[in-house]
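**Student:** Residues per chain, in single letters:
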Amino acid sequence: MLSVLLQQGINGIVVGSLYVLVALGLTLIYGVLVQINFAHADIVTLGAFAAYFFTFVLGGNYLASIAVALVVGAALGWLMNALIFAPLRNRGNELLPLIATIGVSIMLQNTMLAWFGPIPFAFDTPYSNDVIRVAGMFFTIQSVLIIVVSTATIGLLYAFMKFTFLGKALRAVSQDRETAGLMGINPNQLIMLTFVIASALAGMGGAMLGPVLVLTPFAGTSVIVKAFAIVIIGGFGNVEGTIIAGLLVGLIESYTTQFLDPGLIDIVVFALLLLTLALRPTGLIAEKREENV
Amino acid sequence: MTIKPTIRHFTGAAIAAMIVAGSVNAVFAADKTIKIGALLPMSGPGSYFGAQDKQGIELALEQLNKSGVNGFKFEVQYEDSACSPLPATQAAKRLLEQYKPDVAIGEECSDATLAIMPIMEQAKVPFVNAGSSSIKITEPGNPWTFRIMPNEVMQGVDIATNAYKKLNARTAVLLYENTNAGIGNAKVFSETFTKLGGKILADIGFGRDVNDFTSIATRIAGVGKVDVIPTYTLEGQGLKITQALAQAGVTKGGGGQSIQLGTIWLPFGFEQKAGKAALGYVRIVQFDPTDKREIVRGFIQAFKAKYNQDPTHLHAHAYDQIILIADVVRRGAKDAQSIRDGLAATKGFSGVTGSVEFDKTNQNIKMDTIHYMETLPDLSWKAHGWN
Chain X
39 MLSVLLQQGI NGIVVGSLYV LVALGLTLIY GVLVQINFAH ADIVTLGAFA
89 AYFFTFVLGG NYLASIAVAL VVGAALGWLM NALIFAPLRN RGNELLPLIA
139 TIGVSIMLQN TMLAWFGPIP FAFDTPYSND VIRVAGMFFT IQSVLIIVVS
189 TATIGLLYAF MKFTFLGKAL RAVSQDRETA GLMGINPNQL IMLTFVIASA
239 LAGMGGAMLG PVLVLTPFAG TSVIVKAFAI VIIGGFGNVE GTIIAGLLVG
289 LIESYTTQFL DPGLIDIVVF ALLLLTLALR PTGLIAEKRE ENV
Chain L
4 MTIKPTIRHF TGAAIAAMIV AGSVNAVFAA DKTIKIGALL PMSGPGSYFG
54 AQDKQGIELA LEQLNKSGVN GFKFEVQYED SACSPLPATQ AAKRLLEQYK
104 PDVAIGEECS DATLAIMPIM EQAKVPFVNA GSSSIKITEP GNPWTFRIMP
154 NEVMQGVDIA TNAYKKLNAR TAVLLYENTN AGIGNAKVFS ETFTKLGGKI
204 LADIGFGRDV NDFTSIATRI AGVGKVDVIP TYTLEGQGLK ITQALAQAGV
254 TKGGGGQSIQ LGTIWLPFGF EQKAGKAALG YVRIVQFDPT DKREIVRGFI
304 QAFKAKYNQD PTHLHAHAYD QIILIADVVR RGAKDAQSIR DGLAATKGFS
354 GVTGSVEFDK TNQNIKMDTI HYMETLPDLS WKAHGWN
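As you go down the protein sequences, you meet chains X and L in turn.
For the first sequence, our numbering assigns the number 331 to the last residue and increments by one with no breaks.
For the second sequence, our numbering assigns the number 390 to the last residue and increments by one with no breaks.
For the record, the hints were derived by calculation from the structure and aren't laboratory data.
Quick caveat: nothing in here was measured; it's all calculated off a predicted structure.
Hints may be right or wrong, so weigh each one.
[Claimed, not checked] Here are a few chain X residues that face chain L, going by a calculated C-beta distance under 8 Å:
1. Gln46
2. Val53
3. Pro156
4. Thr178
5. Thr295
[Stated by the list, open to error] Listing some non-contacts, in silico: residues in chain L with all C-beta distances to chain X over 12 Å:
6. Asn68
7. Thr92
8. Ala308
9. Asp338
Every residue gets a Cβ at the ideal spot worked out from N, C-alpha and C, and that includes glycine.
One chain only, chain X, in its complex shape (with noise of 0.2 Å):
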């Protein structure tokens, strides 16, 4: 019993890094514009579709097709928000670009429908089907490098917002936008960088969730609301409890799979989302607000 604990902690482990790094770019566009994006979840699946056709199409090599995808990713959200977004918002008018993040993610969506066609793709890197038993215990090679992007790229990440001038810039527009731009921080060029940074990490993680979800256009959306959920358990643009609500969601995930059902899984997540909001309306961690993106 001991081993079929550890191993759905292995599990849980493995799924909840996957909903930070999709769930780490929606908190930080959060905090920064203060707006959803429901354009997200879009990039989340272009990024497994660049790595899938770098990796069988161009015949490259599936970590390097992690690093196309954060490229792609980091290239879509620059250009979303150079002509669609950053238009809108100067016009004053903050709902416009929340309803724009859903027309993009529809048309992106068709997009991809029309170019990849429906049926379900196969995204077996040279990882998945490696099987590796300690002790009564499995996991696949991908598991293992999916812990290991993901730690480190929330690491990477950390430091970047934690240590660096443009992170802790990031971090002052976030508090206060209007005070920033009056200490010569440029909002906009922010604004950009974090719309550059939340897609890059979508992208990427759609080549980590790639051979693990269900590959279609529609991909993403299967996740995204997941993510969101995180992003409120969280709280909305605080980077450490994203990162605690994400892999607290997969192990709720593979422990209610084990003791309960699986089809319970949606209703203890958001039960968990609802008792957040009920009793700490700002996130399990938003007494640190200074701290937030």
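Following the hints, position chain L against chain X.
**Tutor:** What follows is chain L alone, placed relative to chain X:
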């Protein structure tokens, strides 16, 4: 112009043989049209159904419209019913209001089909279904809905019986998506299997938003010796389940002993996508590509010529829906009411997937549409010939 059938009780095989050969001798000029509304999932996780159905339909239309049937040509209007009740309801209403079809076909997903049925009944438009298995579709029955595939009870009883008697299975774990069809199929398997003396070790339902099945596979690995794992899900989740079960060392594909049992829901090519994890997988298919009947050989040949690919059961059953309607038109039907009456009177129709003859609930009673296939190490199929 009065349309009278020149030949009664034409079988689908005869129709198909003639249209494939391009030798339908149209007595009347094909100046009238039978309008067919197709409610298919073209978006969302079930959209692979719609994409393949459309290919089968287009092939049938191309063949039939070369010379028409009894002076009629056939036209299809597609609407996206998205494998889900709400969009299916909206699509059905849109179809009826804007296109006014003589007959409708679709959906694949039972929940969507159940949502469409009352709308078609109210409009008095016959509705032919080929891909939904829920018993609720034909029990107690709807005078305007006809199903050409075996329902969940027919499939479930057959699979459970063969699992117990042919595979000597005594223990099972049920895996199914939490939909009408998933729950219904699993329930029928469970009832039949336990009645025969088998034991269900775990009953695991899951939502369509579940992506990672490692946790479920871990749970199954811990329940003891499992002989069979009947699995009721769409292709995408099915792939992930098969791979996770192999990674957990549960199924033959991962060095275990359990045999996964699959349904008609999975498309052809599933095994190639799942890879070696699919080894030993036994599943039923609605269309046997090794079938020697002339209608099957002709269909495969024409399909390959048009699309440069092998047909799947989805292509086949979509094709069958159209040629069944054509058969009814050949027997004299010309509008919604006469198509309904013609469908109800169908006997001895032989399509690509098998035979069709409806009982009083409009359920096809023929079992020759169920073919058992086992996945071999080279990922090809071995036909068991159990039916």
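**Student:** Taking the hints in turn, state whether each one holds.
**Tutor:** Going down the list of hints, with the structure as the test:
A cut of 8 Å between beta carbons decides the hint on Gln46(X): the least distance to chain L is about 6 Å, and the hint holds. Nearest Cβ of chain L to the Cβ of Val53(X): about 5 Å, under the 8 Å cut. The hint holds. Checking Pro156(X) against chain L by beta carbon gives a least distance of about 3 Å; that is within 8 Å, so the hint holds. A hinted interface residue such as Thr178(X) counts as satisfied when its beta carbon comes closer than 8 Å to some beta carbon of chain L; here the least separation is about 6 Å, so the hint holds.
The beta carbon of Thr295(X) comes within 4 Å of a beta carbon in chain L, closer than 8 Å, and the hint placing it at the interface holds. Residue placement check: Asn68(L) keeps its beta carbon more than 12 Å from all beta carbons of chain X (closest about 26 Å). Look at Thr92(L): its CB is around 20 Å from the nearest CB on chain X, clear of 12 Å, so calling it non-interface holds up. No Cβ of chain X comes within 12 Å of the Cβ of Ala308(L); the nearest lies about 21 Å off, and the non-interface call holds.
Listed as a non-interface residue, Asp338(L) keeps its Cβ farther than 12 Å from every Cβ of chain X; the least gap is roughly 34 Å.
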